[in-house]
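So the sequence lines, in the order shown, correspond to chains A and B.
Residue numbering for the first sequence follows my numbering, beginning at 31 and increasing consecutively.
Residue numbering for the second sequence follows my numbering, beginning at 21 and increasing consecutively.
No lab work stands behind these hints, which were simulated from the structure alone.
Backbone N, C-alpha and C fix where the C-beta goes; we use that ideal spot for every residue, glycine too.
Among the clues, some could well be false.
To be clear about the criterion: a stretch of chain B counts as covered by chain A if any three or more of its residues have a C-beta under 8 angstroms from a C-beta of chain A, and this derived list gives those stretches [said to hold, decoys possible]: (1) 62-75; (2) 89-99; (3) 138-144.
Label pairs and their computed distance ranges (CB to CB) [stated by the list, open to error]: (4) Glu149/B with Glu98/A: 16 to 26 angstroms; (5) Asp193/B with Arg102/A: 32 to 42 angstroms; (6) Asp268/B with Ala47/A: 25 to 35 angstroms; (7) Ala196/B with Leu94/A: 30 to 40 angstroms; (8) Glu264/B with Gly50/A: 26 to 36 angstroms; (9) Asp99/B with Leu94/A: 51 to 61 angstroms; (10) Ala63/B with Asp91/A: 45 to 55 angstroms; (11) Val90/A with Asp43/B: 45 to 55 angstroms; (12) Val90/A with Lys70/B: 34 to 44 angstroms; (13) Gln85/B with Glu98/A: 48 to 58 angstroms; (14) Ala196/B with Asp104/A: 35 to 45 angstroms; (15) Gly50/A with Glu152/B: 41 to 51 angstroms; (16) Val90/A with Asp62/B: 42 to 52 angstroms.
Residues from chain B that keep clear of chain A, each with C-beta distances beyond 12 angstroms, as calculated [as the list claims (entries may be wrong)]: (17) Ala31; (18) Ser50; (19) Asp51; (20) Gly52; (21) Glu53; (22) Ala120; (23) Gly124; (24) Gly163; (25) Glu221; (26) Asp223; (27) Asn239; (28) Asp268.
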Amino acid sequence: MTVTQHRSGGGYANRPAPSGLADVIDTILDKGLVIDLYVRVSLVGIELLTIDARIVIASVDTYLRFAEAVNRLDLTETQTSGIPELMEDISSAGAKGKTSGALEGAKEKLSGFLGGGDEEEEEEESRKRTSSSSRTSSSRRPPRKSSEREKQSEET
Amino acid sequence: MVVHLYGVTTADAPQPPLKGRQDGEVRFVSDGELAVIVSDVDADAPAGRKDLLAHAHVLEALSEQATVVPMQFGIALPDDDVVRGQMLERDRESMESLLAFFEGLVQVTVQAFHNEEPALREVLRRHPELVEAREQLRTFPEGVSQAQQVELGQAVAAALEELQEEDRMTILDRLAPLARAVAENEPGGAHEVAHAAFLVERDAREAFDEAVGEIRAQNEDRMRIRYVGPQPPYSFLEAAQTGELVWD
Numbered sequence: 031m032t033v034t035q036h037r038s039g040g041g042y043a044n045r046p047a048p049s050g051l052a053d054v055i056d057t058i059l060d061k062g063l064v065i066d067l068y069v070r071v072s073l074v075g076i077e078l079l080t081i082d083a084r085i086v087i088a089s090v091d092t093y094l095r096f097a098e099a100v101n102r103l104d105l106t107e108t109q110t111s112g113i114p115e116l117m118e119d120i121s122s123a124g125a126k127g128k129t130s131g132a133l134e135g136a137k138e139k140l141s142g143f144l145g146g147g148d149e150e151e152e153e154e155e156s157r158k159r160t161s162s163s164s165r166t167s168s169s170r171r172p173p174r175k176s177s178e179r180e181k182q183s184e185e186t
Numbered sequence: 021m022v023v024h025l026y027g028v029t030t031a032d033a034p035q036p037p038l039k040g041r042q043d044g045e046v047r048f049v050s051d052g053e054l055a056v057i058v059s060d061v062d063a064d065a066p067a068g069r070k071d072l073l074a075h076a077h078v079l080e081a082l083s084e085q086a087t088v089v090p091m092q093f094g095i096a097l098p099d100d101d102v103v104r105g106q107m108l109e110r111d112r113e114s115m116e117s118l119l120a121f122f123e124g125l126v127q128v129t130v131q132a133f134h135n136e137e138p139a140l141r142e143v144l145r146r147h148p149e150l151v152e153a154r155e156q157l158r159t160f161p162e163g164v165s166q167a168q169q170v171e172l173g174q175a176v177a178a179a180l181e182e183l184q185e186e187d188r189m190t191i192l193d194r195l196a197p198l199a200r201a202v203a204e205n206e207p208g209g210a211h212e213v214a215h216a217a218f219l220v221e222r223d224a225r226e227a228f229d230e231a232v233g234e235i236r237a238q239n240e241d242r243m244r245i246r247y248v249g250p251q252p253p254y255s256f257l258e259a260a261q262t263g264e265l266v267w268d
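Take these sequences, add in the hints, and give me the full structure.
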């Protein structure tokens, strides 16, 4: 049996794809075994990055955008009319779609850290687990509070 | 040069030719039973996106056929002897028990997003009162205050969240029965419907793939779905270590 590193092309249609950059932020930077270290590979500003990647924007600004979006929605037509996406999730921001407002700022930071040349990257001695993002249950996720959201968006 | 650690697998795992970080040859440091997945890297070179992806893709390629316990990115040891001493001697017991725990299991990750316009369309279809509110604001645009706009936007956001929740449950109800365990991530963006890791038996992978394909096809207009894998069981490691996750 042959295995190659490039798996996306082969196999049947529904096969999962290899990780992208957004996925590795969720997985190998956040989870995985850790041991007492002899050598720490120097890394980019990971703490900032994981925080930025998790920003959820909802504010007066967002509500105004939603109001505008439904206003512009033509309910009589059947074809989609090409209204630009107002907000794009950060995870897919690199791959497709448009971003606006604070999310764009977060995206810029992200690409600043990971998209830039390696030579610009700074060493970071200790990186903490900034967010424990997974829960091993399928219970209802906690409601997002608008006050928290506004606070988060101010921090950017 | 130092030795970069990717993860741990069993020594009898297939060892396909793979390139790791800095295009280094991936190899096993093995004692005949366990194998540490490593490659030699330049210790001084900082890590960037290519390094992150190389680490992930090596583990994913090996996960196609073998049980793999992943290391967090960024760990390197001076040489093979230290790797043996640390991973195959000092930490041997926990490596063995984790490999036994996850035997025959892989992680796959499903992330679903709403396409904004079809989702808003559905929201208006379900909530005639929002259409009415919209028409009122449209009729006298000059007299509309920002507060009224915000109020409409909030109502739309609330209805959208309801729709997200409904679609999230549709996805989980279809996929969770095909998995041994599910680990959900917190919402990551305004249009994210679901983001969950599933621990799937290797033999059940095809059925799982088909189910994801079905969900895709049935919700083509409203949702787009990212499906990633097979990965080592990142999202279930902690639960396995703490004893929160147990098999019957």
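Here is what the structure says about each hint:
For the region 62-75 of chain B, the assignment as covered by chain A holds, since 11 residues bring a beta-carbon within under 8 angstroms of that chain's beta-carbons and 3 suffice. Coverage of a stretch by a chain is defined here by at least three residues with a beta carbon nearer than 8 angstroms to that chain's beta carbons; for the region 89-99 of chain B and chain A the count is 10, and the condition holds. Only residues whose beta carbon comes within less than 8 angstroms of a beta carbon in chain A count, and the region 138-144 of chain B has 5; three or more means the coverage holds. Restraint check, Glu149/B to Glu98/A: a C-beta distance of roughly 19 angstroms satisfies the suggested window 16 to 26 angstroms.
Checking the proposed 32 to 42 angstroms range against Asp193/B and Arg102/A shows it holds: the Cβ atoms sit about 34 angstroms from each other. Taken as a hint, the range 25 to 35 angstroms holds for the pair Asp268/B and Ala47/A, whose Cβ atoms sit roughly 32 angstroms apart. A hinted range of 30 to 40 angstroms holds for the C-beta pair Ala196/B and Leu94/A, which are about 37 angstroms apart. For the hinted restraint 26 to 36 angstroms between Glu264/B and Gly50/A, the CB-CB distance of approximately 29 angstroms keeps it satisfied.
Distance hint check: the CB atoms of Asp99/B and Leu94/A are about 59 angstroms apart, consistent with the given range 51 to 61 angstroms. Range check, Ala63/B to Asp91/A: about 46 angstroms between beta-carbon atoms, so the 45 to 55 angstroms window is met. Between Val90/A and Asp43/B the CB atoms are about 49 angstroms apart, so this pair conforms to the stated range of 45 to 55 angstroms. Checked against the given bound of 34 to 44 angstroms, the beta carbons of Val90/A and Lys70/B, roughly 40 angstroms apart, stay inside it.
Distance hint check for Gln85/B and Glu98/A: the Cβ-Cβ separation is about 51 angstroms, which falls inside the suggested range of 48 to 58 angstroms. Taken as a hint, the range 35 to 45 angstroms holds for the pair Ala196/B and Asp104/A, whose Cβ atoms sit roughly 38 angstroms apart. For the hinted restraint 41 to 51 angstroms between Gly50/A and Glu152/B, the CB-CB distance of approximately 42 angstroms keeps it satisfied. In this structure the supplied range 42 to 52 angstroms holds for Val90/A paired with Asp62/B, their Cβ-Cβ distance being about 50 angstroms.
Once the 12 angstroms rule is applied to beta carbons, Ala31/B is consistent with being away from chain A; the minimum gap is 17 angstroms. Distance check for Ser50/B against chain A: the nearest CB is about 17 angstroms away, which clears 12 angstroms, and the non-interface claim stands. With a least CB separation of 17 angstroms from chain A, Asp51/B remains clear of the 12 angstroms interface cut-off, as annotated. Non-interface status of Gly52/B relative to chain A is upheld: no Cβ of that chain comes within 12 angstroms, the nearest being about 21 angstroms off.
For Glu53/B, the requirement that its beta carbon stay farther than 12 angstroms from each beta carbon of chain A is met, with the minimum near 18 angstroms. Look at Ala120/B: its CB is around 15 angstroms from the nearest CB on chain A, clear of 12 angstroms, so calling it non-interface holds up. Gly124/B, annotated as away from the interface, keeps every beta carbon of chain A farther than 12 angstroms; the closest lies near 17 angstroms. Listed as outside the interface, Gly163/B is consistent with that label: its C-beta sits roughly 15 angstroms from the nearest C-beta of chain A, beyond the 12 angstroms cut-off.
With a least beta-carbon separation of about 15 angstroms from chain A, Glu221/B lies farther than 12 angstroms from that chain, consistent with its non-interface assignment. With 12 angstroms as the threshold on Cβ separation, the claim that Asp223/B sits away from chain A holds: the shortest Cβ distance comes to roughly 16 angstroms. A cut-off of 12 angstroms between C-beta atoms confirms that Asn239/B is not in contact with chain A; the least separation is 14 angstroms. Every CB of chain A is more than 12 angstroms from the CB of Asp268/B (nearest about 16 angstroms), matching its label as outside the interface.
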